[in-house]
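Make the full structure from the sequences, and use the hints.
With the numbering used here applied, the sequence shown has no gaps in its numbers, which climb one by one up to 344 at the end.
For the record, the hints were derived by calculation from the structure and aren't laboratory data. Just so it is clear, CB atoms sit at the ideal spot from N, CA and C, and this is done for glycine as well. A hint or two may mislead.
[What the hints assert, rightly or not] Distance ranges between label pairs, derived from CB positions:
| no. | residue 1 | residue 2 | range |
| --- | --- | --- | --- |
| 1 | Val317 | Arg115 | 49 to 57 Å |
| 2 | Arg169 | Glu301 | 30 to 38 Å |
| 3 | Ser11 | Asp100 | 19 to 27 Å |
| 4 | Ser284 | Gln201 | 24 to 32 Å |
| 5 | Gly314 | Pro217 | 36 to 44 Å |
| 6 | Ala173 | Ser11 | 49 to 57 Å |
| 7 | Trp344 | Pro217 | 43 to 51 Å |
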Amino acid sequence: MSRLLVVAPGFHGYGDSIGDALSRRGYDVAVHRYDAVDSRARKAWNKLAFELPAKVRGNGALVQSASYATDRAIARMRQFRPDIVLVVRGDLLTPAFWDEASSGGRKVAVWLYDELRRMTYDPADLAQVARIATYSSGDAEALREKGIPALHVRTGFDDRKVPAATSEADGLVSFVGAPLPNRTAALSAMHQAGLPVHAWGRGWSDHPIDRARTWRLRPNPLPNSRDVPYDQALAIMRDSAATLNVHGDQDGFTMRTYEASAVGGVQLIDRPDVSELYEPGREILVFSGHDELVDVARRVVEHPGEFVELRRRARQRTLAEHTMVQRVKELERLW
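What follows is the structure, given as structure tokens:
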């Protein structure tokens, strides 16, 4: 049995889901969260040394020391001694990590779930130490045009994740996640049109602790609540009249695309090319612009019974074609 180390960010536990899927494929798996902090003192230091300066500069990506993350990842690799290393994103890690990972002819792969233009990688350098997969079809094509082999592997849903039994989202148009400008604009358009929108997440929340954590002075005009655990987020998407999924400047599809559909949510998405994955109008609802978004959302809110079959079909399609186990089968081509 091959030993496989997944080196991933802690975001929503997706690294654990990937690790579990690989275990189900027969690997001896360990998961290392490279951006984790192991003490309150370290977390406070990160806030002052990295998060606050990044907020001031308008770059929210840098949340801790690259050398600290690299040292921890190398230590875990030496402890576990894997035959294969799968890195998820990983652009925080320094060249020292990649040198260690690829030493002794070890197989190294990287799975990118963001566009290269938003990461710090030099693709040519990365290709020297790892085989590459990306959720972005555009990046995969661009890499191949440069002579760099790359697989297009989409993200997917962890079919072992179970939503919470209940939520407070009944009848609402929901959003769970960070308050990026395009998401705020979409929710604001619906709110101004009188639709019952609600956003969950610390970046939206008016709780004093959340406003302090996110360095905000002004209250949020949109109805909002605090962060919720992942199982509660799934329940919110399931129980909402509809749930919003805005991509904006992306050509890959977010995890939310599969999560909302997997739990039987009525998903409002801004990507007509989602037809590669789901059937618009029967499994998912596509909008173009805020006027159409308002019209579609209003119909769902006012006539929820018309979308019972859409919910069923969305869930059925996801579990049949878009699970994490199916995605890691594709990743295995990298090693």
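Going through the hints against the structure:
Between Val317 and Arg115 the beta carbon distance is about 50 Å. The supplied range of 49 to 57 Å therefore holds. For the pair Arg169 and Glu301, the supplied restraint of 30 to 38 Å holds, since their beta-carbon distance comes to about 36 Å. Checked against the hint of 19 to 27 Å, the pair Ser11 and Asp100 passes, with Cβ atoms roughly 26 Å apart. At roughly 30 Å, the beta carbons of Ser284 and Gln201 sit within the given window of 24 to 32 Å.
At about 40 Å, the beta-carbon gap between Gly314 and Pro217 stays in the expected band of 36 to 44 Å. Checking the proposed 49 to 57 Å range against Ala173 and Ser11 shows it is violated: the Cβ atoms sit about 35 Å from each other. For the pair Trp344 and Pro217, the beta carbons lie near 48 Å from each other, so the given range of 43 to 51 Å is met.
Hint compliance for this structure: hint 6 alone is broken.
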